[in-house]
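For the protein sequence lines, the chains are A and B, in the order given. Under the numbering used here, the letters of the first sequence match residues 1 to 93, in that order. Under the numbering used here, the letters of the second sequence match residues 1001 to 1108, in that order.
Take these hints with a grain of salt, some might be off.
[To be verified] Where chain A lies over chain B, by a calculated footprint (3+ residues, C-beta under 8 Å):
(1) 1047-1058
(2) 1082-1089
[Unchecked claim] Residues from chain B shown here face chain A by an in silico Cβ test under 8 Å; the list is partial:
(3) Gln1003
(4) Leu1006
(5) Thr1011
(6) Ala1021
(7) Leu1030
(8) Gln1040
(9) Arg1041
(10) Met1042
(11) Ser1065
(12) Val1067
(13) Pro1071
(14) Ile1073
(15) Leu1092
(16) Gln1095
(17) Ala1096
(18) Arg1100
If you are wondering where the hints come from, they were derived from the structure by calculation, not from laboratory data. The C-beta atom is built at its ideal place from N, Cα and C for all residues, glycine as well.
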Amino acid sequence: MNDVFMCALWFAQACIAVAMLNGGIRIFIGPAAQDRILALDSLYMNGMLMLLTLGVSSQSTAYFDMALLIGLFGFVGTVALAKFLLRGEVIEP
Amino acid sequence: MTQTALPLWVTIPGTVLLVIAGLTTLVGSLGLLRLRDFFQRMHGPSMTNTVAAGATLLTSMLVASAVAARPIIHEVLIALFVSGSAPITSLLLVQAALYRNKARHSGD
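So that you can see chain A by itself, here it is in the shape it has in the complex (with noise of 0.2 Å):
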């Protein structure tokens, strides 16, 4: 049975690899700006599952604290892009 865990580990894992290359695609020819950034969004959504994924795999608890560091500051990061697009500045005075 751990042999069958570890296939669909493997399946999720390539999932997730073959999405993060159709969001870098999706960066690259985004036509407008509000493209990439919700790309940009789903790239860093997808490195955290991968990172969870391999914490998995590999039965270690390191990967949880990256995987929550990704989330808090790609969040930060999509916000602040966004706030640029809307109002031209992020930080009003």
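Assemble the complex: chain A is given as a structure, and chain B must be docked to it using the hints.
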């Protein structure tokens, strides 16, 4: 590498949840890549934000609890944060896209 053999109550739900997470991530990113409009493309990554993240976090919780032989639930932190921050991100992006579309169509 010293890997503990996982018990059966971890591997059966873990396999199902990991397959669900992988398929949902793939479908969401294909939607991000192939849909026509920005407001249609918004819907793809939200699948990743909810279903795939939840399934992966549940699997991580199960495996960590089985390895440490006690309940470990600190993945709930990521789940709470992601489910709280995804609507804010979507709202801000939609506001920015509406503003930019309006500014482009009004001719300035």
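Evaluated hints:
1. With 6 residues bearing a CB less than 8 Å from a CB of chain A, the segment 1047-1058 of chain B meets the requirement of three and the coverage assertion stands.
2. Coverage of a stretch by a chain is defined here by at least three residues with a beta carbon nearer than 8 Å to that chain's beta carbons; for the segment 1082-1089 of chain B and chain A the count is 4, and the condition holds.
3. With its C-beta approaching chain A no nearer than about 6 Å, Gln1003/B sits inside the 8 Å limit, and its interface hint holds.
4. Taking 8 Å as the C-beta cut-off, the interface hint given for Leu1006/B holds, the closest approach to chain A being about 6 Å.
5. Given the 8 Å rule on beta carbons, the hint for Thr1011/B holds: about 4 Å separates it from the nearest Cβ of chain A.
6. At a threshold of 8 Å, the smallest CB-CB gap from Ala1021/B to chain A is about 5 Å, leaving the interface hint in force.
7. This hint holds: Leu1030/B has a C-beta 7 Å from the nearest C-beta of chain A, less than the 8 Å allowed.
8. Nearest Cβ of chain A to the Cβ of Gln1040/B: about 11 Å, over the 8 Å cut. The hint is violated.
9. For Arg1041/B, the suggested interface contact is upheld, since its CB lies about 6 Å from the closest CB of chain A, less than 8 Å.
10. Interface restraint check for Met1042/B: the shortest CB-CB distance to chain A comes to about 7 Å, inside 8 Å, so the restraint holds.
11. The interface hint given for Ser1065/B is broken, as the beta carbon of that residue sits about 11 Å from the closest beta carbon of chain A, more than 8 Å.
12. With a least beta-carbon distance of about 5 Å to chain A, the hint placing Val1067/B at the interface is held under the 8 Å criterion.
13. A cut of 8 Å between beta carbons decides the hint on Pro1071/B: the least distance to chain A is about 14 Å, and the hint is violated.
14. Taking 8 Å as the C-beta contact cut-off toward chain A, the hint placing Ile1073/B at the interface is violated, the least distance being around 12 Å.
15. Residue-level restraint check for Leu1092/B holds (minimum Cβ-Cβ distance to chain A is 4 Å; threshold 8 Å).
16. For Gln1095/B, the suggested interface contact is upheld, since its CB lies about 6 Å from the closest CB of chain A, less than 8 Å.
17. Given hint, Ala1096/B at the interface with chain A, holds; its Cβ is 4 Å from that chain's nearest Cβ, closer than 8 Å.
18. Because the smallest distance between the Cβ of Arg1100/B and any Cβ of chain A comes to about 7 Å, under 8 Å, the interface hint for this residue holds.
Comparing the model with each numbered hint stated earlier shows that hints 8, 11, 13, 14 do not hold.
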